[in-house]
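Novice: The residues making up each chain are set out below.
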Amino acid sequence: MRSGFFFFAGAALMLLGGWVGLPKALYKQQAQPLDFTHKAHVVKAEMDCTSCHDFRQDGSFAGIPRIDNCAACHAEPVGTTANEKKLVEKYVTPEKEIGWLVYSRQPINTRFSHAIHVRKAELKCERCHGEHGKTETLRPFEYNVVSGYSRDIWGRSISRLRRASHEGMKMDDCMDCHKEKGAEAGCLGCHR
Amino acid sequence: MLKRRDIMMLGGGSIAALPLTPIPYKLLDDVSIWTQNWPWIPVPMAGAASVKNSVCTLCRAGCPIGVRMIDDRPVSVMPRGEAPGAICALACGSHQLPWHPSRLRTCLLDGKPAGCDMVVEAVAKAASGGRTVAILDERPGRAMSSLYRRFASALGSGAYTTPVIQETETLEALERLCGGKAKLRFDWANAQTVLSVGAPLLDGWPGAAGLIARRAKGAVKLIHAGPDYSRQAQLSERFIPLAPGSECAFALGLAGALMAQGAPEAEGLRGFESIVTRFPIERASAMTALKPETFNELARMLTGNSPAVVVGGGDFASGPFEAGTEELLAALNILLGSVGREGGIVGRPEWPGEAVSKRWNELPDASVDVLIADRTAAGFALPPSAIERKLAKGAFVVAVSTWNEGYASRARAVIAAPAPMEDWAENAAAGLARWSVAPAVLKRPEGTVRPDEFLAALAGALGLSLGEGFAIEDELKNLAARIHSAKRGEAAGQPVKEMAAAGDLWKALSEGAEWSDSNAAATDLRPRLPGAKPDEMERLLTVANSHLPKSKHEGFPLALLATGWAASGAGAKPPLAMKVEVESLLRRPAGRAAMNPVTANGLGLKAGDPVKVETHRGEQRMILALDDAVLPNAVEAALDGACGALHLFETGPDGTWRQAWARVRRA
Ligand code: SF4
Numbered sequence: 501m502r503s504g505f506f507f508f509a510g511a512a513l514m515l516l517g518g519w520v521g522l523p524k525a526l527y528k529q530q531a532q533p534l535d536f537t538h539k540a541h542v543v544k545a546e547m548d549c550t551s552c553h554d555f556r557q558d559g560s561f562a563g564i565p566r567i568d569n570c571a572a573c574h575a576e577p578v579g580t581t582a583n584e585k586k587l588v589e590k591y592v593t594p595e596k597e598i599g600w601l602v603y604s605r606q607p608i609n610t611r612f613s614h615a616i617h618v619r620k621a622e623l624k625c626e627r628c629h630g631e632h633g634k635t636e637t638l639r640p641f642e643y644n645v646v647s648g649y650s651r652d653i654w655g656r657s658i659s660r661l662r663r664a665s666h667e668g669m670k671m672d673d674c675m676d677c678h679k680e681k682g683a684e685a686g687c688l689g690c691h692r
Numbered sequence: 230m231l232k233r234r235d236i237m238m239l240g241g242g243s244i245a246a247l248p249l250t251p252i253p254y255k256l257l258d259d260v261s262i263w264t265q266n267w268p269w270i271p272v273p274m275a276g277a278a279s280v281k282n283s284v285c286t287l288c289r290a291g292c293p294i295g296v297r298m299i300d301d302r303p304v305s306v307m308p309r310g311e312a313p314g315a316i317c318a319l320a321c322g323s324h325q326l327p328w329h330p331s332r333l334r335t336c337l338l339d340g341k342p343a344g345c346d347m348v349v350e351a352v353a354k355a356a357s358g359g360r361t362v363a364i365l366d367e368r369p370g371r372a373m374s375s376l377y378r379r380f381a382s383a384l385g386s387g388a389y390t391t392p393v394i395q396e397t398e399t400l401e402a403l404e405r406l407c408g409g410k411a412k413l414r415f416d417w418a419n420a421q422t423v424l425s426v427g428a429p430l431l432d433g434w435p436g437a438a439g440l441i442a443r444r445a446k447g448a449v450k451l452i453h454a455g456p457d458y459s460r461q462a463q464l465s466e467r468f469i470p471l472a473p474g475s476e477c478a479f480a481l482g483l484a485g486a487l488m489a490q491g492a493p494e495a496e497g498l499r500g501f502e503s504i505v506t507r508f509p510i511e512r513a514s515a516m517t518a519l520k521p522e523t524f525n526e527l528a529r530m531l532t533g534n535s536p537a538v539v540v541g542g543g544d545f546a547s548g549p550f551e552a553g554t555e556e557l558l559a560a561l562n563i564l565l566g567s568v569g570r571e572g573g574i575v576g577r578p579e580w581p582g583e584a585v586s587k588r589w590n591e592l593p594d595a596s597v598d599v600l601i602a603d604r605t606a607a608g609f610a611l612p613p614s615a616i617e618r619k620l621a622k623g624a625f626v627v628a629v630s631t632w633n634e635g636y637a638s639r640a641r642a643v644i645a646a647p648a649p650m651e652d653w654a655e656n657a658a659a660g661l662a663r664w665s666v667a668p669a670v671l672k673r674p675e676g677t678v679r680p681d682e683f684l685a686a687l688a689g690a691l692g693l694s695l696g697e698g699f700a701i702e703d704e705l706k707n708l709a710a711r712i713h714s715a716k717r718g719e720a721a722g723q724p725v726k727e728m729a730a731a732g733d734l735w736k737a738l739s740e741g742a743e744w745s746d747s748n749a750a751a752t753d754l755r756p757r758l759p760g761a762k763p764d765e766m767e768r769l770l771t772v773a774n775s776h777l778p779k780s781k782h783e784g785f786p787l788a789l790l791a792t793g794w795a796a797s798g799a800g801a802k803p804p805l806a807m808k809v810e811v812e813s814l815l816r817r818p819a820g821r822a823a824m825n826p827v828t829a830n831g832l833g834l835k836a837g838d839p840v841k842v843e844t845h846r847g848e849q850r851m852i853l854a855l856d857d858a859v860l861p862n863a864v865e866a867a868l869d870g871a872c873g874a875l876h877l878f879e880t881g882p883d884g885t886w887r888q889a890w891a892r893v894r895r896a
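Chains as they are written, first to last, in my numbering: chain E, 501 to 692; chain Z, 230 to 896.
Next comes chain Z alone, as it looks inside the complex (with noise of 0.2 Å):
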């Protein structure tokens, strides 16, 4: 007869032997798997696979990518043989940013949903009369940039603006200082000591992707000087930090450090020494915070591993540099007789798809009545302050952007443009030769416009002949069409001169090829140093002495800097390359404003604390992160995809935002 003892015996026997049975471990994994695949969760339909060649057109350093397909879907995005190294992230999570929630999906006016051609109407309404209309092409150099500047030229009142282009502001400086005679180019490839200014190198610039593999050769050297801790910074041999704003003043006392061991024969020498005399080393030394003997130093470094380049341009969040910095960065490179010599900086033939394009902060402040501003391909980030500032009283701005995000969401009308996979998109950086075609692989969505398809609507309506061909397929096509007939350059491995149709290249560029022409241009080369004439000195004077970090705002004692990589001025960034953002912290993630640890203690403020940055244009909520690498009294602030704490940036007459005066408080 069973007893009550007995069962509990059985009981405590079986529950004992448990862990010696797989079951629990078993079952522990298999409900573990269970959780991952109940039914509801979507799985993504089987088909056939295949793989697209594309190029990545997020940011303009345009990586060959490789879009792995199921039947028609895109479904994962993955370097190519020819990347020089990988991908980043922000690409790997590229083909499900058609679905990210900001993304538009009809055209919008006065913020709710329109046809395209109520917006066409209300934009023809606001540009008839003789009114100024202004183009902003964020990403210039592509084909749809030259049907802009067609659209602007029928237009006659009509003025087809760019951003400054930073990785040519070095390059176009010395272009003036040797007569506009030649078109210049850096020589990536045989360049053995590289000074960046605060130029990010290896994160995203256009056309200087070898320098990474060649770093890690060891076959040149990276120096990096500038305001904030940057991903080039971290990457480079030396850190140089300047307190920020003293680019310029940092470039002079450079400049006479490498005068003292010794200048080449150069036209403007004399004029040039006497801007050096009135600018000594020390001086650049209390601006920039370094030690005197660092200019020495790094003189030293430049002319004992030479060629060597100085590059400036300013970096993608904190924007161009002044002119006159840009200036005397381009004198360094004469001053280390790098100009028209091998692994310094070359000529280079003009492209066939290059125009000269005014800059934004050209144009007269509020002059503009009709901004149309392409936002289609992530190209620069602009604080709301540099639209603004040409903008006439009561300016209709029209958006042509696939997020309504950053300044999309401040225009009067937006124009819902194909997400990146869903058109044709390019990659053309602007004066380097090089251009490549993404070809659409997804179908877009039925609200959305084509830029060109919205301009040709709007020619309509305006009474405007644009010519044939006005559209991107027929646009594309014309300018391999007129670099074959140039028989320039190579694209998949075989020179352009060698195919014999211009279709050769057209299918080869479809297919994901790029066309590149590294050819150098045999130019007699006669730079002369700035500083020539009195007014020019003392302009360039005035520029290094107008960022002495004492003359602090009152109530705003903190340095503001806005931090972020080539892809910040992108509308949106895919939710994988935010979690690796947010969870690895490779990239300090949007939202955060970073301090050094002194400054933070000084304020009463610690990691993790919700703060308010707030300068004379406004304010930004932000989480507080602690960083020994940021200057001491200064704050940097991280961008998101839409730029958000741009709008605290003032933008001067000459277009540049590089710092603000903040405070900081808790929220």
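Chain E with its partners taken away, still in its complex shape (with noise of 0.2 Å):
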């Protein structure tokens, strides 16, 4: 009877250890240099997502806006709250780039192409980004204090199991995608 009390609570512990412990062991949070508010864009100034994510005159993503794009509208604050004066006295005026720290960044052996996905497949950007775009402030950037990547590449539950379609954006995530809609893509389609 106690040695059957002493294995559960040994097991007990580790499945604790698991699946709660080490979530929190492994990702450390990393603040945003600024906060931003896609709701306001998309909403009040009725942007869409490609109105700063845009495609290039090629056909290439160009992905998170440069500061001159950002300036097109903010080279007088927008507003007077402590974040836009940050804007435009820290990055617009001294034309200095934003650090984002970007949820989806793939790993540098990785390629894909947004214009394929976008435009040729007809994916919506919700598909891999989720509600991102409605989103009133950036939430924190986590990352994997292992391999470094995001903790949107593995997605939020570290069981992997998914509830929406944008959660996780491991290889397993795309081949799924891509077995669902019948797109060959071969290794060298995605990785250089």
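Simulated from the structure, these hints should not be mistaken for lab results. Computed from a predicted model, the values in this text were never measured in an experiment. You can take every hint at face value.
Cross-link-like lysine-lysine pairs, in silico, DSS-like; alpha carbons within 30 Å at most:
(1) 716/Z - 706/Z
(2) 539/E - 586/E
(3) 670/E - 808/Z
(4) 672/Z - 596/E
In silico negatives: residues of chain E with every beta carbon more than 12 Å from chain Z:
(5) 530
(6) 541
(7) 542
(8) 549
(9) 574
(10) 583
(11) 584
(12) 588
(13) 589
(14) 596
(15) 618
(16) 621
(17) 623
(18) 634
(19) 678
(20) 682
Here are the computed distance ranges between Cβ atoms for each label pair:
(21) 591/Z - 684/E: 44 to 54 Å
(22) 591/Z - 607/E: 54 to 64 Å
(23) 588/Z - 562/E: 44 to 54 Å
(24) 562/E - 272/Z: 18 to 28 Å
(25) 692/E - 830/Z: 39 to 49 Å
(26) 622/E - 698/Z: 47 to 57 Å
(27) 665/E - 233/Z: 43 to 53 Å
(28) 692/E - 496/Z: 53 to 63 Å
(29) 270/Z - 543/E: 39 to 49 Å
(30) 722/Z - 524/E: 53 to 63 Å
(31) 710/Z - 562/E: 33 to 43 Å
Ideal placement from N, C-alpha and C gives every residue a C-beta, glycine not left out.
With the hints as a guide, dock the two chains, each given alone in a separate frame, to form the complex.
Specialist: As structure tokens, then:
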């Protein structure tokens, strides 16, 4: 009886450590250099994703907008918030790029063409980025202390049981979608 | 009170539960990623991404490419829209070539690093006093080729030469049979059947890229005849394996079968008939190791799905055919009624950059005192024996090369030329009216010297005047202006005649567009069949009879064939291409000798054995691969970027090295 108690206690401690302690120990948070409200841009300014995350003339994806893109509207502070003041004074006026921490940054051995996925396959941005475009503030960036990758690559849930299509950006997730759509890519289609 | 047993049970419970937690799986994943991201592994710096349109100049197929840049660094190469499918593994890694280990960053004199001025002084000293200087341009038809020609004519005693240009060999033989009145081209867009005799049309053959797409749609039937089961053979509907060196006999046998079906009216028919009569199908069958019915069946396939064309020219590794073989392959086109017919061989206008040049093998033996060999753009694999044959005793060889490979490593001096992407490069398929320009996307290292800079310095040292505008950019713009004033062809989807100024054409070209002119010239082509004169007849019969497979050299019982592809003449291959080659066996990696298992068994050899392949000229260590597709009693040597095994081949007086006799032993 006593032995059984200790056996189950050890198992329970391990389960607790694995499912609750591990994510806490593995992921560290880092604040974004500036807060940003996607909602204000989308709802108030009536912009859409491609207004800032646009495609260049050659069809390649420009990714995170550069500061001159922000400067087109924010050359002068728009509003009185401390955040707006910081944007103009610290970045727009000295023409300094904002060091955004990118939640969906893929490792360097991967290449991903937004042009093919958005324009050709007509996937919605939400398919991989969820409701990010509707958020009022930027959540803290979380990174894995061992691999250095963003938490969004593994997905929020440590079990990798996905509740929505945008949870997880590992190779398996890409392959699931490719299988579902019947799109062949081959190794060199995504890896360099 | 905790007992030892309680602690053991606690530990046991934890270990039993461990697989039910994410710990082992997650940590395994993270640790494996961590090992790929150690801080000492270099990471490319972030920067602004852009894509520069260009053209691949690594082989003469000239595929359109996009070079992806991060700031001013090329980071990858990808195919561009108009590329017929994709680019090859060689091009995928071409941006790595400037960092290749055998890349030269400084000129060499007698194997030691030297300044360009020291090399110029040494070459000028060797060339002074009316000694014979020859230039060997491996990629003729470029604007740089015109600068070489200008230099040779300023020199007076200079000869500008090129290797045999394989893709135009059959056409040139036909042009001669048409009395030299017209320039010709294959009408790849409309041909229904194509018989390639040794010619790798789907594997880097300039100008034939359209065939790949037509073949995929089933719009053209491809038949390949040759001694090796090459990529072309694999992609053709029918492969006809020929005994090594029997292409001429094959052509005569096929001519006999075509004539038996009723030949069209053509000048010289009677003389040709008498050649065919003296070389019956049975004889061709014995020499080629084909059944006599195969010739008749093939003749029916060609005439039953016309227009049909026959293409020779040889391949990039085993080199060209003798002139007689080409003449007979040209004659097959006349017998098929394909000359001057849509879908066959049609007339074409001359292109503004075209010039007649001497072939290297036309120079008298032992006549060249100073050789300037341009190896900056891979053109043709040439065995050292082909070069040495023409060199006088003590000749001074200076190679203009990016790599310390091939015969650049045997030269007295080497001019370290810029690597691909570091300088203007061009793709001009001589005689095919296609021209494209690859702009420099990378700064070249300081010690490198452009070929035009070297020629200008040499002219200065020799007191020659080369005239105004002796620089590659000027010459490229000149050529664009000449094309514009001729109002020929189109570039970037726009006819040149609609371009207001030559500058518009130049702009399109320098942004990666290809100029091409696919117009046919209305020409009255009246070809005559060869063999009308007795000496012509005897010459052709001698060529056909000279490759009896039984005439084996004593002690060297195997037919050695060089295999490779369009880029076999390239000085170096990027690591990615090597990896793909070695790991996928898409191409036989360099340094492999392949044999039929039956032949290998007879010699007591097995796959993977290190072997020594020996010929009268030398030996080469290779690893043995067994392949059912290799003909019995033959051994195939795969060439590497520096054409390694080619030193085993003897070059004949006609400039060919189709095969050598060899023996293979365990090393
Ligand atoms: S090496 Fe030749 S075949 Fe390959 S991409 Fe370049 S031009 Fe095309």
